[in-house]
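Throw the hints in and build the complete structure from the sequences for me.
Which chain is which? The protein sequence lines are A and B, in order. Take the numbering used here: the final residue in the first sequence is number 274, and no numbers are missing along the way. Take the numbering used here: the final residue in the second sequence is number 347, and no numbers are missing along the way.
Please keep in mind that the hints were generated in silico from the structure rather than gathered at the bench. Among these hints, one or two may not hold up.
[What the hints assert, rightly or not] In silico DSS-like cross-links for lysine-lysine, where the CA-CA straight-line distance does not exceed 30 Å: (1) A/Lys-173 with B/Lys-335; (2) A/Lys-229 with B/Lys-335; (3) B/Lys-298 with A/Lys-274; (4) B/Lys-291 with A/Lys-229; (5) A/Lys-268 with B/Lys-298; (6) B/Lys-116 with A/Lys-178; (7) B/Lys-136 with A/Lys-268; (8) A/Lys-261 with B/Lys-306; (9) A/Lys-229 with A/Lys-261; (10) A/Lys-173 with B/Lys-136; (11) A/Lys-274 with A/Lys-261; (12) B/Lys-325 with A/Lys-229; (13) B/Lys-347 with B/Lys-136; (14) A/Lys-173 with B/Lys-347; (15) A/Lys-261 with B/Lys-335.
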Amino acid sequence: MNQVSVKRPLMAAMLAAAVAAGWPAAAHHSFAMYEPTKTLTFKGTVKAFQWTNPHVVVWVLVQPDAGGAAQEWSFETTSPGVLTRAGWTRQSLKAGDRVSVTFSPLRDGSHGGGLNSVTLIDTGQKLVPSFGKEQPGLK
Amino acid sequence: MHMGNQVIRIALIVAVAGVRLAMAPAVAADATVAGAPVAADPDAINAAPTVKDWQSLAKLPDWSGIWTPVISDQRAQEKSNPPPWTPQVAKQIAHMYAEESAGRPFPIIDHCFPTGMPSWMLITHNAFEILFTPGRVTILGEGDGNRLRRIYTDGRPHPADPDPSFHGHSIGHWDKDTLVVDTVALLPQGYLAVNEAVGVPNNGDMHIVERLHLLDADTLADDLEISANKVLSKPWHTTRKYYRQRAQKYDIAEGVCAQGSFTEAVDKNGNAIFAPIKFHNGVPVGSDSK
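Put into structure tokens, the structure is as follows:
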């Protein structure tokens with residue numbers, strides 16, 4: 136995979152209880168295994184954008200603070216059908232994209248999180264998973 | 058046994074109500090003869106539809122398009138109108154809510170089996186579409202590998218001893234512009250769920266009656282009556298709503314649940330393959346996680 140060229144991960148843990156209410160829970164399982172009151176932001180490089188049911192996963196290589204080899208992290212979110220209604224496509228992210236990912240981490244310390252948003256560093260475009268507007272006739 | 062009574066009871070309901078069966082072919086006429094309970098005919102065939110059968114579809118309400126669930130209403134109803142659980146089940150449910158709050162959600166649909174009935178209609182976040190063909194209404198969903206309901210509207214009764222399945226055996230009829238669906242033969246292991254972490258297997262003998270109808274031009278309602286005497290103290294009445302979308306970009310996406318357990322890779326021969334993802338407690342994690 137591409138060499139990781141990222142800045143030190145920004146470990147911005149903060150209380151964000153409001154995140155829980157807006158959490159786009161997935162179509163497959165509860166997202167309660169992610170800690171909704173914690174929000175972290177990592178910068179890294181997309182390894183793969185897994186556009187699959189039941190869940191879409193953004194795989195990111197992150198350079199640890201302490202140096203050493205890049206770590207692989209998974210950022211899980213809802214399904215392709217739901218994300219399409221929120222404006223995403225299969226092409227929204229691709230391998231090699233430099234990204235800043237905001238997420239709620241797994242409670243057990245594994246390298247995974249529930250995706251809150253992902254921003255493409257080179258363009259500034261911010262992608263936020265959501266269920267989309269609750270109304271008929273969406274454009 | 059149970060199913061035999063079920064068949065007779067439903068046949069009587071149909072007969073007494075004298076409802077107009079959609080696309081009524083000859084079989085349906087027999088089913089509406091008062092006082093003549095219909096037993097499933099083991100030699101019945103699916104007759105070729107006639108031009109008239111196809112033309113009759115035009116008289117049905119327009120349910121075309123893609124239907125997206127009103128998720129905020131699902132969540133509101135989870136709180137305001139919970140199922141009347143039996144006391145024993147209520148303890149399990151309370152424990153599941155506590156576990157979910159503690160960050161240990163019970164994996165009700167992590168196994169990649171279909172979400173099934175009635176949980177699909179109750180808790181899904183994904184869209185579905187509804188197809189009308191002679192003698193049949195078909196609901197095709199999104200999100201798991203076989204989210205598909207076949208609702209027979211040709212007047213047939215339930216089979217005498219149907220094989221249990223995740224979506225059950227469904228027969229339907231039209232009451233003006235409302236589709237009334239009767240579903241039996243659901244697997245006992247299928248969940249009656251109120252969210253993705255809270256619910257119990259129905260444990261058998263579940264019976265669902267639905268009334269699907271438009272609330273306004275682009276809102277579909279499903280009024281459900283769920284009888285599940287192994288887990289509920291009385292039948293549960295609840296409604297779910299869905300909004301219509303017509304933009305083609307919202308067409309149903311294929312949902313093969315097992316695909317989510319793999320990532321795209323290339324083997325040593327250059328072939329495109331699926332490679333397994335590392336999972337921990339049911340969620341994908343980085344391959345270098347402990």
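Now for the hints, and whether the structure bears them out:
1. A/Lys-173 with B/Lys-335: Cα-Cα ~23 Å, so holds.
2. A/Lys-229 with B/Lys-335: 21 Å, holds
3. B/Lys-298 with A/Lys-274: 20 Å, holds
4. B/Lys-291 with A/Lys-229: 52 Å, violated
5. A/Lys-268 with B/Lys-298: With a Cα-Cα distance of about 14 Å, the restraint between A/Lys-268 and B/Lys-298 holds, given a limit of 30 Å.
6. B/Lys-116 with A/Lys-178: 57 Å, violated
7. B/Lys-136 with A/Lys-268: Holds, because 22 Å separates the two Cα atoms, which is no more than 30 Å.
8. A/Lys-261 with B/Lys-306: Roughly 21 Å separates the two Cα atoms, so the pair holds.
9. A/Lys-229 with A/Lys-261: Holds, because 14 Å separates the two Cα atoms, which is no more than 30 Å.
10. A/Lys-173 with B/Lys-136: 25 Å, holds
11. A/Lys-274 with A/Lys-261: 20 Å, holds
12. B/Lys-325 with A/Lys-229: 23 Å, holds
13. B/Lys-347 with B/Lys-136: Roughly 38 Å between the alpha carbons, so the hint for B/Lys-347 and B/Lys-136 is violated.
14. A/Lys-173 with B/Lys-347: The hint holds at about 21 Å.
15. A/Lys-261 with B/Lys-335: 27 Å, holds
Consistency with the previously given hints fails for numbers 4, 6, 13, ordered from lowest to highest.
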